[in-house]
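Going down the list, the protein sequences come from chains A and B.
Going left to right, the first sequence walks through residues 13 to 419 as the numbering used here numbers them.
Going left to right, the second sequence walks through residues 293 to 514 as the numbering used here numbers them.
Hints listed in this document are in silico derivations from the structure and should not be mistaken for laboratory results.
Treat the hints with caution; some may be incorrect.
[Stated by the list, open to error] The following label-pair restraints were derived from C-beta to C-beta distances:
| # | chain 1 | residue 1 | chain 2 | residue 2 | range |
| --- | --- | --- | --- | --- | --- |
| 1 | A | V381 | B | V311 | 49 to 57 Å |
| 2 | B | L417 | A | K178 | 20 to 28 Å |
| 3 | B | Y476 | A | Q175 | 31 to 39 Å |
Even for Gly, the Cβ is constructed at its ideal location relative to N, Cα and C.
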Amino acid sequence: MSKTYKIIYYILLTAILAWLLPWFYNLATLKKERTPFTLYSEIIEDFAMINVNQNEKDLRYTDRKGNIYTERQFDSILPMFYYRQLVTDNRLPDTIRGVPATASKIRRENFIFRTRPLDINVHHPELYSLLESRSKRVDLTMPDDVFRLTKNGIEFIDMESNQVNKEKSALFQSVFQQKEVAFPIRAIAGNPTNRKEYDEGYLFTDNEGKLFHLKQMQGRPFLRPVPIDVDVQISQIWVTEFLNRKYFGFLTDVNNQFYVLTAPDYNLVKVEIPPFNPKKENMTIFGNMFSWTVVQSDKKDEILTAIDAKTLTAIDSMAYHNSDKDKTGLASYLFPLQLSFTSTKDKFFYPRLKDFSYRALALNLVLLVVYILLFRKTKFTATKLIKALAIAVLGVFAFIPALLMRE
Amino acid sequence: MIKAILYKEWIKTRYLFLVVAVVLVAFTAYCQLRIGNVISLRSAAHLWEILLTRDNTFYEAMRYVPLFSGVLLALFQFVPEMQQKRLKLCLHLPLPQNKIIGSMLGFGVSLLIALFAATYLIIFLYLNPILAPELISRVMLTMLPWFVAGIAGYAFVAFTVLEPTWKRRLLNILAGVAFIRIFYLSGYAEAYNQVIVWLLIITLALAGLSFLSVSRFKDGVQ
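I would like the entire structure built from these sequences, with the hints used as guidance.
Laid out in structure tokens, this is it:
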């Protein structure tokens, strides 16, 4: 029994070191990674960016061609983003690219959309609040019930009594049946909050991949099938609810193509950007009445695409590459792998082995020789053979416990 | 003979059992009072909304209570054994060494599981009339790693206390701290769902690490 537990303890110590040593190393060598804040300018028809130096004191306002701007000039080449400053300085032009521009119009047309893998890769209770979209009041109010989507239908639960509201459930269920919704539902998205200007309810895909729009209007269900190309298989949905009311939502398909569902005509339009995987990449869109700056970023790259706001086609693009990530750090010579349990890309806890490195083999062999020399005079046992093999493969993680557990 | 060992363990731990039971009930009651306050001051809908939109479970105050319960139980159970090397006497009983230690560890783990299961039952009975099953499971699954950490705390403290040398005790403490840290790494709700059963199995298996300490004790390692 104690022999088995000796090995179990050795494995446990090795696993702990495979987790903690790289963690300490990464903590000690942590570097701030920052790409310049960049937006597409409708005025200079190029990307304009703010470069920040190491000590974060000197800001350099520039464009892709290398032209340098003062802060005031920079406000002027990005009037849709800095319109409030321009209004304060009384510098907002009457027209921008021939279109009359007022602060209220710019405010209404502007939007910022953000999505992170952390928001998607998460366990979420499958209960949804359906707000009243056509409330007679100015402010939206949170409902007294939530709905759940079962294998065969929709069910509303009154939160005060914790009981199923059979009448409302039957009313919605009959509309779902009328519109031939195939249960169970595959993907659903909405913004169940009253901190927004208006409510567009939920967009969801049924078990056959058909897209639907669900709202509650004066207590009655509104369920509209949205005709989409049969080849498009929706995987992720975001309901946008921007002030401009031009879109119902953004969607991606299984091939990571990005779409916009336009309002009020329910047209699904593909946006001309590189493939976007919302489970692995961040996306930020700075939108205005002329163009969108779409920023897609993962660990290494940040890709920026300027999109024509009317046609949703690409105008221009550029990329930042984080060259530091390509550099071979000392860690790859020390550690044959790294064990971690959490990630910035999800809210799950599970063991993850990453950063396998063959470069650490040299150190592993040196440690193996040291181990053999240290224990050459002791009796050869199966446990020693296991430890030697572990050191050859796992290097320092297996070597330290072998020393600590020597008798 | 095993009955006698179990009785001896009960004598050592009965007052602590009561204290831990009271502390667990007190913390559970405190958390449930907070839930009750949210319902009476705002509404049940507000409570549901918080549980749906945030990583809050309203039981966060209990985070370390199971861990301290496990640690205290192991201390009360095994420190007296190590004082004046009473464990030696115990190991001279006409029973195999593993059976003696196994009974002692089994008693401790069972006592903890009973206490934790009772706490879980109280929480479930309280939440059942006020929350949907989806939210009850969210609360209880989020809390589960804290309770498994309690068993891990028990396992590593027993392992350390029964260890005869201070050098190895230090190593055991460090290993225990690192292992228990795992249960508190993520603060997100239901983060441990995918692995919690495996963590429980591994933790229960690690409760047997004390066999290693006792074997070293019996071998006279100094």
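Against the structure, the hints come out as follows:
{"no.": "1", "hint": "A:V381 x B:V311: 49 to 57 Å", "verdict": "54 Å, holds"}
{"no.": "2", "hint": "B:L417 x A:K178: 20 to 28 Å", "verdict": "26 Å, holds"}
{"no.": "3", "hint": "B:Y476 x A:Q175: 31 to 39 Å", "verdict": "37 Å, holds"}
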